[in-house]
Amino acid sequence: MFLVLFCLLLAAQLILNFQDQLDYLRTNPERIYGRPAGLFGRYRGPSLSPRQFNLVAVALIASLFGIAAGVAPRLSVLIALVCQFFYFNQIASLAYIQRKVNLIAIVLLIMLFSPGIDQPFDQPVPSWPLVLVKAALAQMYCSAGLQKLRRTGWQWCQGESLQTYLVEHYLWGDMKNALRLGRSLQLCRILSVLVLIFELTFVLIIPFPSLSAFYAIGGVIFHASTSAMMRINYLKYLSPVYMVFIAEPPLRLLNFFKT
Amino acid sequence: MSSILFFGTLVAVLIWVTINGKDIWPFSHYPMFAEPANLDNLLVVRLALETREGELIWWRSRFYRYPEFVGRKLKRTYQLEREQSRFSALAPLERRKYLAEVIRLIRFEEGTIDQYSAIHLIQRTASADPAHGLIIREQSLARIPLSELRHLCRDH
Chain A
374 MFLVLFCLLL
384 AAQLILNFQD
394 QLDYLRTNPE
404 RIYGRPAGLF
414 GRYRGPSLSP
424 RQFNLVAVAL
434 IASLFGIAAG
444 VAPRLSVLIA
454 LVCQFFYFNQ
464 IASLAYIQRK
474 VNLIAIVLLI
484 MLFSPGIDQP
494 FDQPVPSWPL
504 VLVKAALAQM
514 YCSAGLQKLR
524 RTGWQWCQGE
534 SLQTYLVEHY
544 LWGDMKNALR
554 LGRSLQLCRI
564 LSVLVLIFEL
574 TFVLIIPFPS
584 LSAFYAIGGV
594 IFHASTSAMM
604 RINYLKYLSP
614 VYMVFIAEPP
624 LRLLNFFKT
Chain B
758 MSSILFFGTL
768 VAVLIWVTIN
778 GKDIWPFSHY
788 PMFAEPANLD
798 NLLVVRLALE
808 TREGELIWWR
818 SRFYRYPEFV
828 GRKLKRTYQL
838 EREQSRFSAL
848 APLERRKYLA
858 EVIRLIRFEE
868 GTIDQYSAIH
878 LIQRTASADP
888 AHGLIIREQS
898 LARIPLSELR
908 HLCRDH
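First to last, the protein sequences are chains A and B. Its first residue numbered 374, the first sequence is counted upward by one per residue in our numbering. Its first residue numbered 758, the second sequence is counted upward by one per residue in our numbering.
It should be emphasised that the hints constitute simulated quantities derived from the structure, not laboratory data. Just to be clear, a hint being listed does not mean it is correct.
Claimed, not checked - What follows is a set of in silico ranges between Cβ atoms, one per label pair, in the way DEER data are often shown:
id : chain 1 : residue 1 : chain 2 : residue 2 : range
1  : B       : R900      : A       : I563      : 37 to 45 Å
2  : A       : L448      : B       : I814      : 48 to 56 Å
3  : A       : F413      : B       : E792      : 21 to 29 Å
4  : B       : R839      : A       : R524      : 23 to 31 Å
5  : A       : F413      : B       : A888      : 33 to 41 Å
Stated by the list, open to error - In silico lysine-lysine, DSBU-like type, Cα no more than 35 Å apart, as pairs:
id : chain 1 : residue 1 : chain 2 : residue 2
6  : B       : K779      : A       : K549
7  : A       : K609      : A       : K473
8  : B       : K832      : A       : K549
9  : B       : K854      : A       : K473
All C-beta atoms, glycine included, are put in the ideal place defined by N, C-alpha and C.
Take these sequences, add in the hints, and give me the full structure.
Here is the structure:
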C-alpha cells in the first residue's frame with residue numbers, strides 16, 4: 374500500500390514539475406554550481422542532454438507506474454532507483470531538489486530488498502521495510518537537530534541564528550514573511566526551541582508508533598512554514614515518503630479483518 | 758537473514774553519517790541552518806540591474822537560488838581581496854566569470870539584455886536597533902557597465 378501511494382505521488386510530482394526541471398537543466402546549472410556530488414560522493418552521473426533527460430524522465434515515471442500496477446515490481450523498483458539517480462543528479466542544485474530527494478533513493482533501496490512488494494495487499498508482510506522508512510525519516514530530522522547542537526550548541530535556542538537566517542533570506546530573496554518573523558527575536562526564540570524539540574524527538578515514532586500521526590502533522594506544518602517563510606519546499610518530494618504515515622493504519626485494518 | 762543484514766547495514770550507515778557529519782549521497786547529515794549566525798556578521802551581496810531609464814531593479818531569476826548562490830560567490834571574492842590572500846589577485850576574474858553567467862541567465866529567461874545598461878553589486882546588512890527594530894542598510898560595491906562584459910557573454 375505504501376509503495377503504491379509513494380510511487381503514484383512521486384510520479385505525479387515528477388509530471389507536474391517536469392517542465393520546470395527541464396527548463397532548469399537548460400540553464401546549464403553546472404556552469405554556476407559546478408558538477409554535483411556523485412553517488413556515495415564518488416560516482417557522478419554523465420551530463421545529459423535535454424533529450425536524454427526527457428528519456429530518463431519517461432523511464433522513471435513509467436517504472437513508478439509499473440511498480441504501482443504490480444508489473445514486475447522488483448525490476449521496476451531497480452529501474453526507478455537507477456533512473457532517479459541519473460534524473461536528479463542533473464538538477465541537484467535546483468532549490469526544491471538538493472537534499473530534498475535523498476529519501477526517494479533510500480525508500481526505493483528499501484523497497485528493492487523488501488520481501489512484500491510482490492505480494493497482494495491482503496497478504497500479511499513483514500513490517501520492517503516501513504520501520505526502516507520511518508528510521509530514514511527520523512534520521513533526517515534527528516541529524517538536522519544534532520548538527521545544530523554540535524555546531525551552535527544550546528545557543529541555537531536563543532533565537533539569534535534563526536532570526537539571522539530569516540533576515541538573510543529577505544536580504545537576498547525579498548521574502549517578506551521571513552522579515553516579518555525575523556523582526557521578533559522572541560518569536561524566533563520560541564520557534565527555535567520548538568524546531569529543535571521536533572527534530573530531536575522525531576525518532577520516538579519508532580518505539581512509539583502511536584505518536585506517528587502527531588509527528589506527521591507536525592512535519593507538514595513545519596515544512597509548510599519553511600516553504601511560506603523561506604521558499605524551502607521539502608513537501609514536494611518528501612510527501613511521497615510521508616505516505617508511510619497514511620499507508621500503515623489501513624494496512625493494519627486490512628490485516629485485522631483478515632485474521 | 759539477508760533482511761536482517763540489509764536492515765542492520767542501512768541503520769548503521771544512517772547512524773554513521775549522522776555521527777561523522779558526512780554527506781555521501783543519498784545519505785546526508787542534513788547540516789542546514791546549523792551554523793551559528795548573528796545579525797552583526799550578516800552580509801549579503803545582491804545584484805541589481807540598471808535599466809536604460811536609470812532605474813535599479815533587483816536581479817530576480819525564475820530559479821530563485823541563482824541570485825543567492827551568485828551573491829555568495831561574489832561576496833567571497835570581496836572577502837579574498839580584503840584578506841589579501843594569495844588568491845585575491847584572481848578575485849576580479851572570478852567576479853567577471855559570475856557576472857558573465859548572470860548575463861547568460863538573463864538572456865535565457867528574458868530573451869535579451871538590451872533593456873539593461875549596467876549591473877550593480879549591492880552589499881546589504883541588517884542590524885537590530887532597540888528603538889527602531891530591524892534596520893536594513895545597503896551599500897553599492899560596484900557598478901559595471903554591460904558594455905564591459907559583453908565580450909564575455911558569447912552564447913553557447
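Going through the earlier hints one by one, which of them does the structure break, listed in rising order? Violated: hint 5 alone.
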